[in-house]
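Novice: What follows is each chain in one-letter form.
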Amino acid sequence: MSTTLPLAPTETPTNYLNADYGWKSWLFATDHKRIALLYLFSITAFFFVGGAFAVAMRINLLTPDGIFTHDTYNKLFTMHGIIMVFFFLVPSIPATLGNFLVPMMIGARDLAFPRINLLSWYIYIVGGILTLTAVFQGGVDTGWTFYAPFSSSYSNTHVILAAMGVFVSGFSSILTGLNFIVTIHTMRAPGMTWNRLPLFIWGHYATSLIQVLGTPVIAITMVLLGLERVLHAGIFDPTVGGDPILFQHLFWFYSHPAVYIMILPGMAVISEIVTCFSRKAIFGYNFVAYSSIAIAVFSFIVWGHHLFVSGQSMYASMVFSFFSFLVAIPSAVKVFNWTATMYKGSVSYDTPMLYAFGFMGLFTMGGLTGLFLATMAIDVHVTDTYFVIAHFHYVMVGGMVMAYMGGIHFWFPKISGRLYPEGWAKFAALLVFAGFNLTFFPQFILGYQGMPRRYAHYPPEFQVLNVMSTAGASILAVGYLIPMIYLAWAWRYGPKSPQNPWKAKGLEWEQSPTPPPTFNFEHQPVVTEPAYNYSGEEQEVKLG
Amino acid sequence: MTHQAVPVKVYAAVFGALLVLTATTVAVSKLELGEYNFIVAMTIAVIKGTLVVMFFMDVRRASSMTKLFIGAGFFWLAILLVFLLSDYLSRGWLLNIHWL
Amino acid sequence: MADSEAILAPQEPGLRHHFDDSAQQLESSTLGMWVFLVTEVMFFGGMFGAYTVYRNMYPEAFASTSHFMNVTIGAINTGVLIFSSFTMVLAVRSAQLGQKKALIAFLVLTLILGCVFLSLKYVEYHEKWVDHHIPGPGFQYADSRYAHQAQILFYLYFAMTGMHAIHMIVGAGLLITLIVMAARNRFTSKWYTPVEMIGLYWHFVDIVWIFLFPLLYLIGHTK
Chain B
0 MSTTLPLAPT ETPTNYLNAD YGWKSWLFAT DHKRIALLYL FSITAFFFVG GAFAVAMRIN
60 LLTPDGIFTH DTYNKLFTMH GIIMVFFFLV PSIPATLGNF LVPMMIGARD LAFPRINLLS
120 WYIYIVGGIL TLTAVFQGGV DTGWTFYAPF SSSYSNTHVI LAAMGVFVSG FSSILTGLNF
180 IVTIHTMRAP GMTWNRLPLF IWGHYATSLI QVLGTPVIAI TMVLLGLERV LHAGIFDPTV
240 GGDPILFQHL FWFYSHPAVY IMILPGMAVI SEIVTCFSRK AIFGYNFVAY SSIAIAVFSF
300 IVWGHHLFVS GQSMYASMVF SFFSFLVAIP SAVKVFNWTA TMYKGSVSYD TPMLYAFGFM
360 GLFTMGGLTG LFLATMAIDV HVTDTYFVIA HFHYVMVGGM VMAYMGGIHF WFPKISGRLY
420 PEGWAKFAAL LVFAGFNLTF FPQFILGYQG MPRRYAHYPP EFQVLNVMST AGASILAVGY
480 LIPMIYLAWA WRYGPKSPQN PWKAKGLEWE QSPTPPPTFN FEHQPVVTEP AYNYSGEEQE
540 VKLG
Chain Y
104 MTHQAVPVKV YAAVFGALLV LTATTVAVSK LELGEYNFIV AMTIAVIKGT LVVMFFMDVR
164 RASSMTKLFI GAGFFWLAIL LVFLLSDYLS RGWLLNIHWL
Chain D
2 MADSEAILAP QEPGLRHHFD DSAQQLESST LGMWVFLVTE VMFFGGMFGA YTVYRNMYPE
62 AFASTSHFMN VTIGAINTGV LIFSSFTMVL AVRSAQLGQK KALIAFLVLT LILGCVFLSL
122 KYVEYHEKWV DHHIPGPGFQ YADSRYAHQA QILFYLYFAM TGMHAIHMIV GAGLLITLIV
182 MAARNRFTSK WYTPVEMIGL YWHFVDIVWI FLFPLLYLIG HTK
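Residue numbers (this note's numbering), protein chains in the order written: chain B, 0 to 543; chain Y, 104 to 203; chain D, 2 to 224.
In isolation and in its complexed conformation, chain B is listed as follows (with noise of 0.2 Å):
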């Protein structure tokens, strides 16, 4: 990592960066790339609202006892669920990465409706405004889950404002996948067939059928429940012939796919950094491909999984047992296909591919506890219990945060034409990785003891593993303050990147400059070669 002389000001390229100077010309920017800059700023603030409703509620755990009260932690839960889920996760690498990198990597100009991208980040705001009004009337206190009926019956809190919230930042949500599936389509470059497209194209296409058909039906049912609050009707009311597992039947025919929403851009941003990082084409690249593809089908008909104790037939659950078992394939065949892609491979160890580590066996091992939960006779153990909160967490943060940090570092030399300190994104890297095993891995445990989730206060005998969870926490916690303090030193004085620091295949490192002009490209790119073919330079270096 050199350092290099900034260029003398009168030297300095345009690029999207410095095209235009004001807050109007970021506040009504078309281009993709600021747009996802204006993403990726709110989704890091929400992160940290979201974050520190968990701070909170991991703080209340040290003693069995706790500090706060039981409504007052039923809020902290849910507000933390809310905010993580809608307003972090669910956005994170698509509308950020995705959003800069779409274009580029099929060597197009823009997206195909960058108005409508613009419109898609106003929504997102909009519908986080009417969640934290939600949170600073007081909170709601069902759970992000708004199971019926206390949600649409009995709870006193602010039901409506959060059903709202949800339901606007879907659209945002539907927005950026119509965008993208349209961009995929229609805007490739010459050359850039089908076959030839990155695996992060392929990952965030699977990623935008989901939004597309699935997020309509969350919509719908924040309607119905918001209706319902001052309707009382009783479509969901079982004093009145209502049924509550109606709610969850439309809940989470949107939620359970959306969980895959979540984790297919970050299985696709760590297909993208393991193949850089071993210098070699993926292994299997028609395989993880079509994976991406077969979870995006797959995930729609799992959803009864959630159902299993609520009273939905027996039949109906294992039908979707069956089905959730077979979700599990696609997503251990890219575990398979990232694996034999090292093999033999010339594997670096910078950031990037350190947090690409931490996915792989940390998303494995969410992944198979995944498959507990999908075999009823254990699922009707541990469910409701901190097993599950250990799966999703292991899923969601070993997980796709781990991707989000990884492609995050592995772009930012892109985005911001700088070079992050590596010493310490190393360490966040294994802060990270250590807070977060430490925060996890005994509420497994947890769970399988019975501990049960979103209880305030809870039996002695679950205290230690409970104090080891919150000191994981708050390393955890430290992990994911240090990288936003150095990314943002380094966006103003780091050294300079050259074009293609990684020296990575891809025509957004290989055609476009570091960062990019506004348009992309300076001249029309024209694919010739097919994705990561990093075989045929290793030759050239051998052979010359």
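Here are the computed lysine to aspartate or glutamate pairs in the EDC-like style, where the Cα-Cα straight-line distance is at most 20 Å:
{"id": "1", "chain 1": "Y", "residue 1": "Lys133", "chain 2": "D", "residue 2": "Glu61"}
{"id": "2", "chain 1": "B", "residue 1": "Lys502", "chain 2": "B", "residue 2": "Glu528"}
{"id": "3", "chain 1": "Y", "residue 1": "Lys170", "chain 2": "D", "residue 2": "Glu41"}
{"id": "4", "chain 1": "Y", "residue 1": "Lys112", "chain 2": "Y", "residue 2": "Asp161"}
{"id": "5", "chain 1": "D", "residue 1": "Lys102", "chain 2": "D", "residue 2": "Glu197"}
{"id": "6", "chain 1": "B", "residue 1": "Lys495", "chain 2": "B", "residue 2": "Glu421"}
{"id": "7", "chain 1": "D", "residue 1": "Lys191", "chain 2": "D", "residue 2": "Asp22"}
{"id": "8", "chain 1": "D", "residue 1": "Lys191", "chain 2": "Y", "residue 2": "Asp161"}
{"id": "9", "chain 1": "D", "residue 1": "Lys129", "chain 2": "D", "residue 2": "Asp144"}
{"id": "10", "chain 1": "D", "residue 1": "Lys101", "chain 2": "D", "residue 2": "Glu197"}
{"id": "11", "chain 1": "Y", "residue 1": "Lys170", "chain 2": "D", "residue 2": "Glu197"}
{"id": "12", "chain 1": "B", "residue 1": "Lys495", "chain 2": "B", "residue 2": "Glu509"}
Just so you know, the hints here were simulated from the structure itself, not pulled from any lab data. Computed from a prediction, not measured in an experiment: that's the story for all the values here.
Add chains Y and D to chain B, keeping to what the hints say.
Specialist: This is chains Y and D only, laid out in the frame that chain B set:
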């Protein structure tokens, strides 16, 4: 539409067919056909919808990608309805198993 | 920014800078609108699902409430919407042929028919209000055996037809926008994409009604 303009009489014929089908479905609904009332009504609705999609929305001449997306939309709706109803319709099934 | 402009295509009328040519732009717009309509299918689909569940759960209550559905208004409204789809497709055809006056005439006709639909809907809703069949504190149902279940079914009736009506109102607003644009000569036979796209939206709203009508008004009617 990047194709030739469709003659007005084609649209008029489709319009006429849609009105006839509407009258038919109202008339049939007044007959007592038991469960078949639902099937007939839905069949007619599907035919009407198909006419609108194929002719008014010009899907007859659209690309296969468009047709694929439309098919996918209805397929996904079917997934929602089938799996949702499979729970409700099978809830009573396990009542008489003696060997458990 | 002379260097980055080098990559832009030569300008055709209506062509936005990030597209290579009009064909690509039209393909994108069309695919985009269809993807949006797929989201609408799923959006309404959730309500169709809920409705089907309760219809199956409470067949007697359902039969009871179906006597209060105004089939006459429903049938007339179906005819009105089908007619409006006809005028809409003629509007698109006029745009394709560059016939500005016909385009505006058909758009206005479509808008009027849409307003007729909404007015008849209002009449229907008023009827329901008079009967105390609007869910909420004022709800009353004559047959006390089914009062609770009837309220759930009416709730779904209002949710589904209300959501449909909202989509009609949005459609009416879009039609007004098109009429204004057409009057200002924004459309030529080479570029009339908004007319086409809003036409697709209008037809979709018609199709939703084509399914709502028999489901809510016609079935269970004879029992």
